[in-house]
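> For reference, the chains in residue letters:
Protein chains: 2
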Amino acid sequence: MYKTVDEKDLNYLSSIIPSERIFYGEGVSEDYAHDELGGISRKPDVLINVLSTDEVSRIMKYANDNNIPVVARGSGTDLVGAAVALEGGIMICTKLMNHILELDENNLTVTVEPGVLLMELQAYVEERDFFYPPDPGEKSATIGGNISTNAGGMRAVKYGVTRDYVRGLTVVMPNGDIEHFGSKCVKNSSGYDIKDLIIGSEGTLCIITEAILKLIPKPLESVSMLLPFVSMEKAIEVVPELIRSKASLTAIEYMSLDTIISAENYLGKKFPDTNYEAYILLTFDGNSKEELEKEYSKVADMCIKMGAIDGYFVDTDERKKSVWNARGAFLEAIKASTDEMDECDVVVPKSRVADFIKYTHEVAQKVDIRIPSFGHAGDGNLHVYICRDSMDENTWKRKLNEAFDLLYEKAREYEGHVSGEHGIGYAKKQYLSLQVGEGQMKLMRDLKKVFDPGNILNPGKLV
Amino acid sequence: MYKTVDEKDLNYLSSIIPSERIFYGEGVSEDYAHDELGGISRKPDVLINVLSTDEVSRIMKYANDNNIPVVARGSGTDLVGAAVALEGGIMICTKLMNHILELDENNLTVTVEPGVLLMELQAYVEERDFFYPPDPGEKSATIGGNISTNAGGMRAVKYGVTRDYVRGLTVVMPNGDIEHFGSKCVKNSSGYDIKDLIIGSEGTLCIITEAILKLIPKPLESVSMLLPFVSMEKAIEVVPELIRSKASLTAIEYMSLDTIISAENYLGKKFPDTNYEAYILLTFDGNSKEELEKEYSKVADMCIKMGAIDGYFVDTDERKKSVWNARGAFLEAIKASTDEMDECDVVVPKSRVADFIKYTHEVAQKVDIRIPSFGHAGDGNLHVYICRDSMDENTWKRKLNEAFDLLYEKAREYEGHVSGEHGIGYAKKQYLSLQVGEGQMKLMRDLKKVFDPGNILNPGKLV
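Residue numbers (numbering that gives the first Met the number 0), protein chains in the order written: chain A, 0 to 462; chain Y, 0 to 462.
No lab work stands behind these hints: they were computed from the structure.
Fair warning: there could be bad hints in the mix.
To be verified - Straight-line distance between alpha carbons at most 25 Å, and here's what the computed DMTMM-like set of lysine to aspartate or glutamate pairs gives: (1) A/Lys-448 <-> Y/Asp-176; (2) Y/Lys-293 <-> A/Glu-220; (3) A/Lys-213 <-> A/Glu-126; (4) A/Lys-157 <-> Y/Glu-292; (5) A/Lys-157 <-> Y/Glu-290; (6) Y/Lys-441 <-> A/Glu-178; (7) A/Lys-357 <-> A/Glu-240; (8) A/Lys-217 <-> Y/Glu-292; (9) Y/Lys-213 <-> A/Asp-354; (10) A/Lys-441 <-> Y/Asp-176; (11) A/Lys-320 <-> A/Glu-178; (12) A/Lys-293 <-> A/Glu-276; (13) Y/Lys-245 <-> A/Glu-289; (14) Y/Lys-60 <-> Y/Glu-209; (15) Y/Lys-297 <-> Y/Glu-220; (16) A/Lys-245 <-> Y/Glu-220; (17) A/Lys-297 <-> A/Glu-240; (18) Y/Lys-157 <-> A/Glu-289; (19) Y/Lys-357 <-> A/Glu-104; (20) A/Lys-233 <-> A/Glu-178; (21) A/Lys-293 <-> Y/Glu-290; (22) A/Lys-157 <-> Y/Asp-354; (23) A/Lys-217 <-> Y/Glu-240; (24) Y/Lys-157 <-> A/Asp-163; (25) A/Lys-245 <-> Y/Asp-163; (26) A/Lys-213 <-> Y/Asp-354; (27) A/Lys-441 <-> Y/Glu-209.
Could you put together the complete structure from these sequences and hints?
Rendered as structure tokens:
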């Protein structure tokens, strides 16, 4: 159906891109055959490290004219197979397009290439007293990837998600045309909002080659508090109360003892406290120390009344490191604790978080499989891991499907969504279809066709 | 090309909607022939006051099957002809769908019908200590209309625009299908973001029949400050400094003496000060009086150093009333001051606001026409009015076009957009096309076709 890249194609590609940035056949590293999702793997015919919008445009035009599929890839940290070249073809890697192009202090924007890593961007702007609020756990993901999945992260409770910080995009369309959507402007009611259609489209509509991001002034103060509870039920019960109290919280994360122990083992580092079954981690930020103190004292009192054993400040450098390193390592730690795993990144209304976490325990029992979870209790986005441990292949497949079916069915019942921040990619298409129905799936396929009539851009994903 | 509504159609419509809510021919009030834009006017064949999503669905299905154009209308306060039935047909008026359906304190959302007025929503949630931040000047617009134009308003500097507060939409598609996009959930990375494509689409893709809106806790304190300057140049010069200073401002509005005088004449009420040429109105909000005091003292000092004559607090009830009533009446006052007018609602990067306002003065001189303006200096969205005064028709048309051409050309040069918050509608299509180019216009037309292959929904608008 698609054309395989052959010598003639390679010759053309080498005429527009220096050959030291082109890898072919055996020259393509195994790393580019997969992302962080287990189970699917395929190398692209050719891998190209691009340097500019213009290069992407020339490659796309050629691929489109010759019916060669193209997949764009950043760091490849995604969990749903979105960056796997299912049909071979060309992989465009943006990792060398990693320049911060402009910090505009008059418009509070930063303009970046898509291969800039989240951690690089955060460090760059914070050194200059600005703040880029989206804070997904995976700091080595690229900004291009973050935009393509509308990544969320921990600070969504207060600050929203990646979408809320993308002011403008430069993209290459499947036919090679270069288009700009949005700008540095704060407001825009000029035609259909194509920028937001592209955000979260997982590289299926066009390739992002530049982004203008909104910044805010960096909050002067930030403090976190760790609250232990005797059970996850007790811990999670405080979340709706916190939300109803209108306390100004930046992040509300939950974590279970077994996840913390996994992280301790994985990192070889101690967590500040491992005496209790469940923990809530709260973050507050603002410009006034006094205001913050008032706020967290009120919240700590409330939580202790509701069953928190204590409220540890995460204030010393050492404690910050031990807590945040553990939080950052949860995914890798769970991965390391099992032969294989797959993830369910549902989002439910905040009021349903407690019920959903309880339900994961029921499913674990019913299916007889280990299901650790952690995540963003304050915004309803849970990261639920189905662990293979040492099951045989058939049992694993059966139990995984059984658990997924139950979990996604419950998410639908709660009027949630299949994915809060990791996307649909290849792995979650069937559940998306169950959630939104055939009418909306057709609408999405038709929208895809408008952008990409030849279906050469990231085929087999999302729709 | 389209079918005119005839007796057979009326009979069918009367079989699904009680006839006291159907108006036909002479029975349709002249008010429904136009919006707030001068110059275009046409009555729909039939006007229907709908009560439910289901009614809208049945009407749409019939209209689609019979090739009858349909326009949805809220309060009809728009300024670009978006709510005018250019092709006749059916007008669906949502003013009776004006119920607030649910305040969900656990998820911080409010669910509303589209005909709820902005002022009704604001009052309802603020009485309950919640806050709906978008604050367009026209408080009698409906929420459905606000969503359809992605209305912005004064508080966008701090809080963003309508788009940022729409979590979910129930809509009726052109074929009558009912679809839900989004939900109460905070995060969503599950397929293409169709919700945001609908926001700002001016009723051309589907009809919004229900919206889930995000609320935030109501700030405990809010204070405004009025700063007089000897000239608009001096006034506007402080804006980039305010932005660079990272002061936490909710609104930064500018107004000229002539606009204020127009408002005084229109309202028959005095403004607190009319001794200077230009004024900046700042608003601060937050939860701590002390913090707010610190913030506005710093800002006032800065402004006075930069040429502000004084800094009046808008604190007493009387002063608040006189300032905000005047601010709210600017548009009507300018309208009342001239035989006819047309409006340019450009948005430019914040750093270009001063340059753009200066340029409006140059254009006024060059074209020899009166061009008052006011607007959102803090977010780059200016409301610029071209006044006919007592010109004859031909001179007016010529000068209006000349002024528009110059203003929109400058907006393009500054990488701004045709509309910050009022939309494109019928009146601004040519300027949108000049801004985004044929490639993007075609893309938008193709997207429209996916939703509405028969082009029966609000034809002749936007694309």
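> Hint by hint, say whether it matches the structure.
We went through each hint and held it up to the structure:
1. A/Lys-448 <-> Y/Asp-176: holds, 21 Å
2. Y/Lys-293 <-> A/Glu-220: holds, 16 Å
3. A/Lys-213 <-> A/Glu-126: holds, 16 Å
4. A/Lys-157 <-> Y/Glu-292: Satisfied, since the Cα-Cα distance of roughly 24 Å is no more than 25 Å.
5. A/Lys-157 <-> Y/Glu-290: Holds. A/Lys-157 to Y/Glu-290 sits at ~19 Å (cutoff 25 Å).
6. Y/Lys-441 <-> A/Glu-178: holds, 12 Å
7. A/Lys-357 <-> A/Glu-240: Holds, because 17 Å separates the two Cα atoms, which is no more than 25 Å.
8. A/Lys-217 <-> Y/Glu-292: holds, 20 Å
9. Y/Lys-213 <-> A/Asp-354: Status holds; Cα separation ~22 Å.
10. A/Lys-441 <-> Y/Asp-176: Holds - the C-alpha atoms of Y/Asp-176 and A/Lys-441 are around 13 Å apart, at most 25 Å.
11. A/Lys-320 <-> A/Glu-178: Roughly 43 Å between the alpha carbons, so the hint for A/Lys-320 and A/Glu-178 is violated.
12. A/Lys-293 <-> A/Glu-276: With Cα atoms ~28 Å apart, A/Lys-293 and A/Glu-276 exceed 25 Å; violated.
13. Y/Lys-245 <-> A/Glu-289: Since the Cα atoms of Y/Lys-245 and A/Glu-289 sit roughly 20 Å apart, the hinted pair holds (cutoff 25 Å).
14. Y/Lys-60 <-> Y/Glu-209: OK: Y/Lys-60 and Y/Glu-209 at ~18 Å, within 25 Å.
15. Y/Lys-297 <-> Y/Glu-220: holds, 17 Å
16. A/Lys-245 <-> Y/Glu-220: Distance ~15 Å between A/Lys-245 and Y/Glu-220 Cα, so the pair holds.
17. A/Lys-297 <-> A/Glu-240: The given pair, whose Cα atoms are some 12 Å apart, holds under the 25 Å limit.
18. Y/Lys-157 <-> A/Glu-289: The hint holds at about 22 Å.
19. Y/Lys-357 <-> A/Glu-104: The hint holds at about 22 Å.
20. A/Lys-233 <-> A/Glu-178: Given pair A/Lys-233, A/Glu-178 is violated - Cα atoms ~51 Å apart, limit 25 Å.
21. A/Lys-293 <-> Y/Glu-290: holds, 13 Å
22. A/Lys-157 <-> Y/Asp-354: Violated, because 34 Å separates the two Cα atoms, which is more than 25 Å.
23. A/Lys-217 <-> Y/Glu-240: OK: A/Lys-217 and Y/Glu-240 at ~17 Å, within 25 Å.
24. Y/Lys-157 <-> A/Asp-163: At roughly 13 Å apart (the allowed maximum being 25 Å), A/Asp-163 and Y/Lys-157 satisfy the hint.
25. A/Lys-245 <-> Y/Asp-163: Holds: A/Lys-245 and Y/Asp-163 sit about 19 Å apart, inside 25 Å.
26. A/Lys-213 <-> Y/Asp-354: Given pair A/Lys-213, Y/Asp-354 holds - Cα atoms ~22 Å apart, limit 25 Å.
27. A/Lys-441 <-> Y/Glu-209: holds, 22 Å
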